[in-house]
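Chains as they are written, first to last, in the working numbering: chain A, 13 to 242; chain B, 2 to 437.
Mixed in with the good hints there might be a few duds.
[Claimed, not checked] Partner residues aside, some chain B positions facing chain A, computed with beta carbon under 10 Å: (1) Phe16; (2) His19; (3) Pro20; (4) Ile24; (5) Glu31; (6) Pro77; (7) Gly100; (8) Ser104; (9) Pro123; (10) Tyr164; (11) Ser293; (12) Ala295; (13) Asp296; (14) Ser299; (15) Thr387.
These aren't lab readings, by the way, just hints derived from the structure by calculation. All C-beta atoms, glycine included, are put in the ideal place defined by N, C-alpha and C.
The residues making up each chain are set out below.
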Amino acid sequence: MKALAILAIAASAHAGPARVGPGVYHPAFPASPAERAIDVPAFWLDREPVTNADYLAFVRAVPEWRRDRAKPLFVDADYLSPWASADALGGLSPRAPVVRVSWFAARAYCAWRGGRLPREAEWELAADAPELQAQILAWYARPTPPVLPDVGGAPNKWGVRDLHGLVWEWIDDFSATLVGDSVCGAEANAARDPSAYAAFMRFAFRGSLEARDSVASLGFRCAYDQEPSR
Amino acid sequence: MAELTSAPEVPAKLFRRHPAHVIVNLTVNEVEKEISPGVRYTFWTFGGQVPGKFIRVRQGDVVEVHLKNDPANKLPHNIDLHAITGPGGGAASTFTAPGHESSFTFRATQPGLYVYHCATAPVPMHVANGMYGLILVEPPGGFPPVSHEYYVMQGELYTSGAYHAPGLQTFDMQKGIDERPTYVVFDGAEGSLVGDKALTAKTGDTIRIFFGNAGPNLDANFHIIGAIFDRVYPEGGSLAQEHVQTTLVPAGGAAIVELTVDVPGTYSLVDHALFRAFNKGAVGQLRVDGPSRADLMSGKKLDIAYAGGASEPAPAIETDGDPVLQAGESTFAHLCANCHQPTGLGIPGQFPPLAHSDYLAASSDDKIIGHVLHGLQGPVTVLGTTYNGAMPALGYLSDADIAAVLTYVRASFTAKPSRVTPEQVAKIRTESEGVL
């Protein structure tokens with residue numbers, strides 16, 4: 013019964029991704045002058061980050077992504093380490109965002125759901141919130157709490173929740189912007205526009221990641237090219 | 002394994018005659034600490050303290066740096082050591098996600114005192130939040146022995162609230178960009194080298210201070226009131242200058258200063274850009290114990306020709322056996338006597354007298370408590386002379402400390418002594434919080 017209830021919650025959390033865009037994304041670090049403004053076609057995005065319950069349903073359906081079976085090429089030693097066991101959450105909240113998943117695992121989950129990870133331009137367009145910059149910076153400045161809160165924050169203008177203030181999120185092209193290798197150059201570049209500081213810190217964070225890494229404050233959500241069928 | 006120390010301690014002198022392979026383990030912790038009592042801030046640290054651990058190696062050493070980023074941390078971090086010649090100073094090699102560890106090695110080819118800091122974007126924010134420290138690369142043979150070595154590092158804080166605004170403060174990016182720090186402090190917090198935490202020495206001691214300036218914006222004008230540096234290695238380099246009063250230390254730079262202390266008493270370490278010392282926290286203390294040296298500096302000789310009505314010093318009071326008066330006397334000596342003088346006579350034209358002060362006599366305890374809590378700016382008339390200065394806010398002192406020092410001041414300098422209680426101070430503190 014409990015498993016069924018969890019699956020029901022998991023399904024309801026995805027009762028319909030939100031339509032985001034079309035819009036124009038202005039990257040903090042354009043790769044070329046032509047990319048200062050990037051048209052983003054409309055896409056669909058999960059309204060909430062993937063939860064522990066969602067991910068538990070996935071590893072039960074696709075056991076090769078259980079933490080005791082996943083290939084070390086694709087996950088690090090801490091993959092799903094907060095869970096009590098390979099197929100049980102223990103005391104973790106099923107509604108809390110799943111964390112300590114690798115980019116490979118997140119991609120596999122989204123493919124299983126008929127979607128994919130959002131791209132940088134899509135995620136940043138959906139999350140653009142200059143009015144929240146001070147709160148976002150304050151959140152970035154604080155360590156991760158020992159117990160993550162559940163998903164379900166206030167929806168933004170697209171109807172999407174928890175893009176800020178809960179966990180970092182994987183994106184498909186997380187390593188495309190090389191902040192890590194050109195820290196100071198990128199720094200000088202972005203510092204011209206203080207309103208880009210929050211985005212700047214996301215690029216720094218993403219730049220520190222390898223695709224098999226897991227991090228205690230890093231989760232994900234999925235995107236879709238078409239409105240998914242219910 | 003390198004011995005690492007937190008400020009103001011310095012690792013023991015190295016006696017190795019040959020270079021070695023040295024392992025340096027640094028852990029990055031994002032921790033909430035106090036800037037000043039009641040003022041909290043989330044610092045990002047190398048090793049849980051600001052500044053980060055002091056690293057001491059020998060020229061020629063191969064240094065293996067391990068950087069561990071605590072799993073609870075929100076952000077990636079890295080380290081750029083100015084002691085390295087090579088692009089980024091280690092920044093790219095140590096770029097580390099939360100819950101991960103990186104390592105790399107470098108050879109310490111050039112002797113000197115160097116700053117290290119986090120160079121993760123946005124770099125100025127990581128530095129302003131506390132991610133800096135010093136690494137000393139000692140030349141073969143090292144420095145001559147001294148009685149004490151200390152580690153002092155200046156840094157700025159840019160908080161969302163005003164100076165001494167209580168509660169958890171966040172980083173104010175605009176103040177950072179405008180180069181308007183809320184605090185300029187030594188060793189990570191206001192008062193971190195004051196009172197019980199003062200640097201200590203005995204008369205005749207020689208002292209070497211490894212002084213760093215993290216910035217991220219301001220140059221430091223390092224000065225010790227009442228001392229002359231026998232020797233300064235400006236910018237942490239190899240050549241020494243002698244007989245220096247104030248040494249300029251650029252942001253992201255360091256200096257080694259050496260001094261001899263012959264006269265006992267309390268010496269104040271300051272940034273001699275003085276508003277930073279009086280109004281932003283850049284004050285530390287060096288307490289020197291030992292017999293007086295009248296041949297070098299007499300005590301106050303009461304030779305004041307134009308002091309208005311304040312020419313009579315107050316009689317010294319007996320504090321023995323009264324712990325409140327003793328505590329008050331100590332606080333007065335450390336914090337008040339620099340300006341008001343041990344005699345309470347002040348300095349004519351600069352600092353108003355407390356002894357025989359009509360202003361003090363006419364002011365209620367509540368009013369005087371307010372002056373200590375919040376400082377006093379602007380003109381004040383005492384015994385017919387108008388003083389237009391700035392008394393620093395001392396609100397970081399505890400209620401009991403303020404009560405004790407005011408009880409001592411009343412007992413020493415007022416015809417009608419009164420006991421000021423910590424409860425009175427707490428009341429005024431609470432009332433004024435509502436106003437500020």
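Here is what the structure says about each hint:
{"no.": "1", "hint": "Phe16", "verdict": "violated, 37 Å"}
{"no.": "2", "hint": "His19", "verdict": "violated, 35 Å"}
{"no.": "3", "hint": "Pro20", "verdict": "violated, 30 Å"}
{"no.": "4", "hint": "Ile24", "verdict": "violated, 23 Å"}
{"no.": "5", "hint": "Glu31", "verdict": "holds, 4 Å"}
{"no.": "6", "hint": "Pro77", "verdict": "holds, 3 Å"}
{"no.": "7", "hint": "Gly100", "verdict": "holds, 6 Å"}
{"no.": "8", "hint": "Ser104", "verdict": "violated, 15 Å"}
{"no.": "9", "hint": "Pro123", "verdict": "holds, 5 Å"}
{"no.": "10", "hint": "Tyr164", "verdict": "violated, 19 Å"}
{"no.": "11", "hint": "Ser293", "verdict": "violated, 50 Å"}
{"no.": "12", "hint": "Ala295", "verdict": "violated, 54 Å"}
{"no.": "13", "hint": "Asp296", "verdict": "violated, 54 Å"}
{"no.": "14", "hint": "Ser299", "verdict": "violated, 52 Å"}
{"no.": "15", "hint": "Thr387", "verdict": "violated, 43 Å"}
Violated hints, listed in ascending order, are 1, 2, 3, 4, 8, 10, 11, 12, 13, 14, 15; each of the other numbered hints is respected by the structure.
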